[in-house]
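From first to last, the protein sequence lines are chains E and H.
With the first letter of the first sequence counted as 1, position 162 gets the number 438 in our numbering; the numbers rise by one all the way through.
With the first letter of the second sequence counted as 1, position 152 gets the number 164 in our numbering; the numbers rise by one all the way through.
Hints should not be assumed to be uniformly reliable.
Simulated restraints on C-beta separations [unchecked claim]:
id : chain 1 : residue 1 : chain 2 : residue 2 : range
1  : H       : Asp160    : E       : Pro459    : 41 to 49 Å
2  : H       : Tyr100    : E       : Pro459    : 52 to 60 Å
3  : E       : Pro459    : H       : Ser17     : 20 to 28 Å
4  : E       : Ile532    : H       : Leu85     : 21 to 29 Å
These are computed hints drawn from the structure, not numbers from a lab.
Every residue gets a Cβ at the ideal spot worked out from N, C-alpha and C, and that includes glycine.
One letter stands for each residue in the lines below.
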Amino acid sequence: MLDIHGLHLRAALFRLVRSFFHQQGFLEVDTPIRQPLLLPESNLVPIGSSAWFLQTSPEQCMKRILAREGHNIFQICSCFRAEERGARHLEEFTMLEWYRIEADYSALMDDCRSLVNYLIESLRQQNRFRDMVARSWFGTNPIDSEWERLTVADAFARWATMPLDKALDSERFDEIIALDIEPYLGVQSPTLLCDYPARCASLARLKKDDANLAERFELYIDGMELANGFSELTDSNEQRIRFAEELDRIEQRDGIRMPMPEKFLADLERLDRAAGIAFGLDRLLMLLMSATSIAEVVSFSADDLG
Amino acid sequence: MFSASDLRKGLKILIDNDPHIIVDFEFSKPGKGQALYRCKLKNMITGSQFSNTYRSNDKFEKADLEERTMQFLYNQGDEYHFMDTQNYEQLFLTAEQLGDNVNYLVDNMEVEVLFFGSRPIDISLPIFVNLTVTQADPWARGDTSGTDTKPITVETGYQLQVPPFVEEGDKIQIDTRSGEYVTRVKE
Numbered sequence: 277m278l279d280i281h282g283l284h285l286r287a288a289l290f291r292l293v294r295s296f297f298h299q300q301g302f303l304e305v306d307t308p309i310r311q312p313l314l315l316p317e318s319n320l321v322p323i324g325s326s327a328w329f330l331q332t333s334p335e336q337c338m339k340r341i342l343a344r345e346g347h348n349i350f351q352i353c354s355c356f357r358a359e360e361r362g363a364r365h366l367e368e369f370t371m372l373e374w375y376r377i378e379a380d381y382s383a384l385m386d387d388c389r390s391l392v393n394y395l396i397e398s399l400r401q402q403n404r405f406r407d408m409v410a411r412s413w414f415g416t417n418p419i420d421s422e423w424e425r426l427t428v429a430d431a432f433a434r435w436a437t438m439p440l441d442k443a444l445d446s447e448r449f450d451e452i453i454a455l456d457i458e459p460y461l462g463v464q465s466p467t468l469l470c471d472y473p474a475r476c477a478s479l480a481r482l483k484k485d486d487a488n489l490a491e492r493f494e495l496y497i498d499g500m501e502l503a504n505g506f507s508e509l510t511d512s513n514e515q516r517i518r519f520a521e522e523l524d525r526i527e528q529r530d531g532i533r534m535p536m537p538e539k540f541l542a543d544l545e546r547l548d549r550a551a552g553i554a555f556g557l558d559r560l561l562m563l564l565m566s567a568t569s570i571a572e573v574v575s576f577s578a579d580d581l582g
Numbered sequence: 013m014f015s016a017s018d019l020r021k022g023l024k025i026l027i028d029n030d031p032h033i034i035v036d037f038e039f040s041k042p043g044k045g046q047a048l049y050r051c052k053l054k055n056m057i058t059g060s061q062f063s064n065t066y067r068s069n070d071k072f073e074k075a076d077l078e079e080r081t082m083q084f085l086y087n088q089g090d091e092y093h094f095m096d097t098q099n100y101e102q103l104f105l106t107a108e109q110l111g112d113n114v115n116y117l118v119d120n121m122e123v124e125v126l127f128f129g130s131r132p133i134d135i136s137l138p139i140f141v142n143l144t145v146t147q148a149d150p151w152a153r154g155d156t157s158g159t160d161t162k163p164i165t166v167e168t169g170y171q172l173q174v175p176p177f178v179e180e181g182d183k184i185q186i187d188t189r190s191g192e193y194v195t196r197v198k199e
């Protein structure tokens, strides 16, 4: 639970995020949190709301706006994922998402660096927050120089206890990332972990020169994942095939065959080149407040309610 | 049956036919990948600890554990005998099974005996127990060594540090979680 100082910081961070994107000409949108059908992602478990679902991310509606209107957009909203609870996970958390037209994941990596620098610099200039920023990870680790870009393959070669292809075949990719690799990422300066195996990126475009890799990256600071971005897959036929695979997995898991998100796929046909990213604002607050648990940086956590 | 999403600190599950308690728990989920449930587990029979990582589709059997109130009767060497206060059934646990708990057991003390199936595996004591001091050096008032505690022995043979004013024959309260002196008790 946040005290008044924490509430001020949270509010300041939201205000600064908005001002950053407004300055860059992005349009703020607010899309429905409760939806009849979510994009099929078998690694996410949605929370039901009557016969509908609470969004696991705003991706579906934001990409439809992007496709229809061709405008750079951003949103700050609550997302819901069942069964995710832990020091870095809440079932309800705050996501910042932004989408760029005529751009790829490289532009998003640049965005991340400009955004985080803008946020930290602006907070430093406010008396109320200066000491807190100085005491945090950002107090001792400068972030204004170039950020390290590390490929997943290089990260595996450096730290993994199992080769990449073997990890993928035995479905232990995520485990190796979490246990072997994550602790070393973004230790002295932020790390952009990029070029994920194709099968680890259901909504991302594959690299032109290597179809085994997807143009996806994650931002890590101090061993913690903060953001996940990618060049959007805009080929609706390819997307339909990948969705069908995800729908199979969900059917295996839940015993229910969900329908194909046809309206999304129809709008996707209008999208040419674009990139989008999801950024966990609660986790950035954890770094700023040197919090060990994400429950410390929200106004009320599940344990504070009821 | 439990599923991975039920895992949490303190949960007791069956692994390789032995009851295990989760002593440490961490959830992690990289990117949009699989959920991982990282657990440190302790075998409730052998006491050995190990770490393991579980996934969403892992299932666990509940450990069949039950507590019964029993009275401590006596010990014969390493065997500590208890009696069920309801049906007068008797059984024993070994000193090895009881660990530090043997330091606090006096005749007729009521404890909770933990059963795994029909097999007694552990006991839980009251948090505070009162024991009589059987050996204590007198408090030398002229002592200028500056120490504010002295070693004493209680009726179970357990030795601990107490304030200098505690004397032989006194009853003292001990915290069974830490094994430390709490206060002197008036009869």
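Each hint, compared with the structure:
no.	hint	result
1	Asp160/H x Pro459/E: 41 to 49 Å	holds, 44 Å
2	Tyr100/H x Pro459/E: 52 to 60 Å	holds, 57 Å
3	Pro459/E x Ser17/H: 20 to 28 Å	holds, 24 Å
4	Ile532/E x Leu85/H: 21 to 29 Å	violated, 58 Å
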